[in-house]
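Peer 1: Sequence:
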Amino acid sequence: MPLRTHIKTKRKNRQKNKKKKTGEKKFQNQDMNMELDHVVKFLQGKTILVTGATGFLAKNMNMELDHVVKFLQGKTILVTGATGFLAKIFVEKILRIQPNVNKLYLLLRAADAKSATKRLHSEIIDTELFTILRDNWGSEFDSFISTKVIAVPGDISSENLGVNESKLREQMLKEIEIVVHVAAMTGFNERYDVALAINTFGAFNALNFAKKCDAIKLFLHTSTAYVCGEQVGIILEKPFSMDDTLLKTFKLDITEEKRIVEEKLDELRFQHAPNEVIKSEMMEFGLKRAKLYGWPNTYVFTKAMGEMLLGNFKGDLPLVIIRPTMIASTYKEPFPGWIEGVRTIDSVIVSYGKGKLTCFPGYPSYALDVIPADMVVNAMAVAMVVHTNYQSCPAIYHVSSSFKNPIKFGDLHKFVYHYFTKKPWINRDGQRVKVRKGTVLSTVNGFFLYMWIKYVFPLKVLYLVNALSGQYFRQVYMDLNRKVKLAMRLAEFYKPYTFFKGIFSDTNLDKLRMVAQGRGIDMGVFDFDSKSIDWEDYMMNIHIPGLLRHAM
Numbered sequence: 001m002p003l004r005t006h007i008k009t010k011r012k013n014r015q016k017n018k019k020k021k022t023g024e025k026k027f028q029n030q031d032m033n034m035e036l037d038h039v040v041k042f043l044q045g046k047t048i049l050v051t052g053a054t055g056f057l058a059k060n061m062n063m064e065l066d067h068v069v070k071f072l073q074g075k076t077i078l079v080t081g082a083t084g085f086l087a088k089i090f091v092e093k094i095l096r097i098q099p100n101v102n103k104l105y106l107l108l109r110a111a112d113a114k115s116a117t118k119r120l121h122s123e124i125i126d127t128e129l130f131t132i133l134r135d136n137w138g139s140e141f142d143s144f145i146s147t148k149v150i151a152v153p154g155d156i157s158s159e160n161l162g163v164n165e166s167k168l169r170e171q172m173l174k175e176i177e178i179v180v181h182v183a184a185m186t187g188f189n190e191r192y193d194v195a196l197a198i199n200t201f202g203a204f205n206a207l208n209f210a211k212k213c214d215a216i217k218l219f220l221h222t223s224t225a226y227v228c229g230e231q232v233g234i235i236l237e238k239p240f241s242m243d244d245t246l247l248k249t250f251k252l253d254i255t256e257e258k259r260i261v262e263e264k265l266d267e268l269r270f271q272h273a274p275n276e277v278i279k280s281e282m283m284e285f286g287l288k289r290a291k292l293y294g295w296p297n298t299y300v301f302t303k304a305m306g307e308m309l310l311g312n313f314k315g316d317l318p319l320v321i322i323r324p325t326m327i328a329s330t331y332k333e334p335f336p337g338w339i340e341g342v343r344t345i346d347s348v349i350v351s352y353g354k355g356k357l358t359c360f361p362g363y364p365s366y367a368l369d370v371i372p373a374d375m376v377v378n379a380m381a382v383a384m385v386v387h388t389n390y391q392s393c394p395a396i397y398h399v400s401s402s403f404k405n406p407i408k409f410g411d412l413h414k415f416v417y418h419y420f421t422k423k424p425w426i427n428r429d430g431q432r433v434k435v436r437k438g439t440v441l442s443t444v445n446g447f448f449l450y451m452w453i454k455y456v457f458p459l460k461v462l463y464l465v466n467a468l469s470g471q472y473f474r475q476v477y478m479d480l481n482r483k484v485k486l487a488m489r490l491a492e493f494y495k496p497y498t499f500f501k502g503i504f505s506d507t508n509l510d511k512l513r514m515v516a517q518g519r520g521i522d523m524g525v526f527d528f529d530s531k532s533i534d535w536e537d538y539m540m541n542i543h544i545p546g547l548l549r550h551a552m
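Last residue of the sequence shown: 552 in full-length UniProt numbering, with the numbers rising by one and none dropped.
Treat the hints as calculated values from the structure; they're not laboratory data. Every value quoted in this text rests on a predicted model; they were computed, and no experiment measured them. Even for Gly, the Cβ is constructed at its ideal location relative to N, Cα and C. Mixed in with the good hints there might be a few duds.
[Unchecked claim] Listed next, the in silico DSBU-like pairs over lysine-lysine satisfying Cα-Cα at most 35 Å (straight line): (1) Lys-501 <-> Lys-408; (2) Lys-258 <-> Lys-423; (3) Lys-258 <-> Lys-114; (4) Lys-414 <-> Lys-454.
[As the list claims (entries may be wrong)] DEER-style ranges, computed between Cβ atoms: (5) Asn-100 <-> Val-232: 57 to 63 Å; (6) Val-277 <-> Ser-139: 52 to 58 Å; (7) Leu-292 <-> Ser-139: 55 to 61 Å.
With these hints in hand, go ahead and build the complete structure from the sequences.
Peer 2: Below is the structure:
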C-alpha cells in the first residue's frame with residue numbers, strides 16, 4: 001500500500017471512532033502528526049521520479065506539497081501576541097508541518113532580548129503544546145528552535161512595534177513576508193486606554209510596520225465575529241467602513257476617541273487619583289463609549305475600530321481578517337483538548353462544576369457559536385496560502401459553527417450537567433462536589449428577579465443576623481455573597497452572547513474551502529469545517545476534560 005494511502009486510511013479509521021476517550025484521541029493524533037512529520041522530513045531535498053504522473057494519487061500528492069508545505073518553505077513570518085492562546089497553536093502548527101520555514105519572528109512584550117527569550121521558552125516553547133514537536137526532534141529540538149524562532153522584544157502599542165534595536169529592526173524589515181497579527185486585550189471590561197492602545201492602534205502600528213517591510217506579501221489580522229454587536233438574523237462577512245457605528249445616532253471619530261481618552265487620563269492624574277480609581281474609571285469609560293456607538297463592551301468596540309483602521313489604510317497590501325466566534329480547546333491538533341486559561345463560556349462551565357453556579361440566563365434554543373482553536377488556525381494557514389500577493393478588498397472570514405452545526409445553550413447545559421454528574425469536581429478538602437441540574441432562565445430580567453428572591457434578599461437578612469450575632473455567620477455570609485457576585489458578573493458579561501440572536505454566515509469560508517480543495521490542499525490536515533464536530537463527543541470527551549486538565 002502506498003504510504004500516502006496508508007496515512008489517509010488510518011485517518012479515516014480514526015474519524016469513524018469518535019466516541020474514544022480523550023487520552024486515546026491524543027495518542028492517535030500524536031501518531032498521525034508524527035507520521036506526517038516523518039513524511040515531510042523524508043521528502044525534503046529528495047529527487048523523485050514519479051510514474052503515472054497524470055493519475056489521481058500522483059497529482060494529489062504533488063499539489064498538496066506545492067500549495068501548503070511548499071508555500072511555507074523559506075517563508076519569514078512575524079507573529080504578534082505570540083504568548084497568546086491562538087498564536088501559540090499557530091506557531092506550533094507551522095513549525096510542525098514545515099520545519100523548513102525560514103524564520104518566525106515572535107513579538108513579545110519585554111524590555112530586552114534576554115527577557116524576551118526567557119518569555120519565549122517559559123510561556124511558549126516549554127508548554128505542553130509543543131510536546132509532539134519536541135518528541136519528533138528529540139535532542140535536536142533546542143537547536144531547531146534556536147535557528148527558526150527569534151524572540152523580538154517590543155510593544156505593539158508603540159511605533160515600529162517598540163523594536164528599538166536598530167540592527168534587529170532592519171533585519172526584520174528586510175526579511176518579513178507575512179505579518180500575522182494576533183495581539184489583543186480580550187477582557188470584555190478592559191480599561192479603555194489600554195484596549196484602545198492595543199486592539200485599535202496596535203493593529204494600526206502592526207500594519208504600518210508591515211508596509212515598511214521590503215518583501216511583504218500579506219497582512220493577516222485575527223479579530224472576533226462579535227464586532228457585529230448584538231445583531232439579529234444572518235450576519236454577513238463584510239468589512240467596516242471608516243468611522244462606522246452600529247447605532248448610527250452618533251458620529252464616531254477614532255482619532256477623537258484617542259484624544260478624549262488622553263484628556264480623561266490627564267484629568268484623573270491632575271486630581272492625583274490612585275491607580276485603582278484610574279483603572280475603575282477607565283473601565284467604566286470604555287463601556288460607556290462602546291454603548292454610545294452600539295457595541296456591548298469595550299473589547300468588541302476597540303476590535304471593530306482596529307478593523308476600520310486596517311481597511312482604510314492597507315493601501316495595496318493584501319489583507320485577511322479572520323473573525324472567529326467563541327474559541328474553545330483544540331479538536332484534533334496537535335492533540336485534542338489543549339487549552340490555556342478559562343475562556344468565554346468556560347467560566348460558566350467551571351463555576352457550575354465547582355458548585356458555585358446553579359442558574360444562568362440563556363435561552364435554551366439559542367445557538368452558542370463555539371469553534372475549536374485548531375480549526376481557527378487551519379483557516380488562518382489556508383487563507384495565507386490563497387491570499388498571498390492577491391490584491392483585493394479585505395478578505396473577511398467568519399470561523400464559526402452557528403450556521404451549519406450550532407450547539408444550543410440547552411444542549412451545553414445538558415452536557416455539562418451529565419459530565420459533572422459522572423465525574424464530579426473534587427474540591428480542596430478532597431470532597432466530591434455534587435451538582436444540581438440547575439435552572440436556565442430565558443430572560444435577563446427573569447434571571448435578576450430569580451437571583452433577588454432566592455439569593456440577594458436572603459443575603460441581606462443574613463448580613464443583619466450576622467451583625468447582630470457578632471459575626472457568627474461570617475463565613476456563610478462571605479461564601480454566599482461571593483457566589484451571588486460571581487453569578488451576577490457572569491450574567492452581565494455574557495448577556496450579549498447567551499441571548500445572542502444572530503447566526504454567522506460563513507459563505508466566504510466555504511469559498512475558501514472550495515479554492516483550497518481545488519488546489520489539492522488536504523482538508524483533513526487543514527480542517528476548519530464545523531459540520532464535522534459531534535458536539536456531545538467534543539464537550540464530554542475533549543473540551544471539558546481538557547479544560548479541567550490544562551486550565552484549572
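Peer 1: Determine for every hint whether it applies to the structure shown.
Peer 2: Hints versus structure:
1. Proximity of Lys-501 to Lys-408 is assessed by CA-CA distance (about 12 Å); at most 35 Å being required, the pair is judged to hold.
2. A C-alpha spacing of about 49 Å is found between Lys-258 and Lys-423, which places the hinted pair above 35 Å, so the restraint is violated.
3. The suggested pairing of Lys-258 with Lys-114 holds, with an alpha-carbon distance near 33 Å, which does not exceed 35 Å.
4. A threshold of 35 Å between alpha carbons decides the hint, and for Lys-414 with Lys-454 the separation of about 23 Å falls inside it, so the pair holds.
5. Taken as a hint, the range 57 to 63 Å is violated for the pair Asn-100 and Val-232, whose Cβ atoms sit roughly 48 Å apart.
6. Under the hint 52 to 58 Å, the C-beta atoms of Val-277 and Ser-139, about 54 Å apart, fit the expected range.
7. Taken as a hint, the range 55 to 61 Å holds for the pair Leu-292 and Ser-139, whose Cβ atoms sit roughly 58 Å apart.
Taken one by one, the earlier hints fail for this structure at numbers 2, 5, listed in ascending order.
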